[in-house]
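Note that full-length UniProt numbering has the sequence shown beginning at 1, numbered continuously upward.
A couple of the hints might just be wrong.
Stated by the list, open to error - Taking lysine to aspartate or glutamate pairs in the EDC-like style, the calculated list, with each CA pair at most 16 Å apart, reads:
no., residue 1, residue 2
1, Lys78, Glu60
2, Lys78, Asp31
3, Lys78, Glu68
Please keep in mind that the hints were generated in silico from the structure rather than gathered at the bench.
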Amino acid sequence: MSTDETTTGHIQELRRGTVVLACLIRLRTPDYGYALLESLNGLGILVDANTLYPLLRRLEKQGLLTSEWNTEEARPRKFYRTSPTGEQLAAALTTDWRRIDDALARLETDSDTGDAR
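Could you put the whole structure together from the sequences, leaning on the hints where they help?
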């Protein structure tokens, strides 16, 4: 495996969990899958449609999202929204994300100064 493939694989691993959190945060305002996809990609949270749609179904099955169909337009669309359980998970994940980010920042600072703890 080349260095580029290794890097790509690790970046995909890192993104996998962050996409869940991003969806839970973004879907505090109801939206349909394609708009969510465009929104996340526009923010630099790169996700493929073949990854996102199964993820949305899984999060709904887990009770983290709710959905309803909007049939008022010419093309029916399924709108997703973060459930109260999804809000609780988003809060817990965000807290842990910030803890890990702080720890990594300290590691980098310690590494830059040569301070081994």
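Here is how each hint holds up against the structure:
For the proposed pair Lys78 and Glu60, the alpha carbon gap of about 12 Å is at most 16 Å, so the pair holds. The suggested pairing of Lys78 with Asp31 holds, with an alpha-carbon distance near 8 Å, which does not exceed 16 Å. Of the supplied pair hints, the one linking Lys78 and Glu68 holds, its CA atoms being roughly 6 Å apart against a limit of 16 Å.
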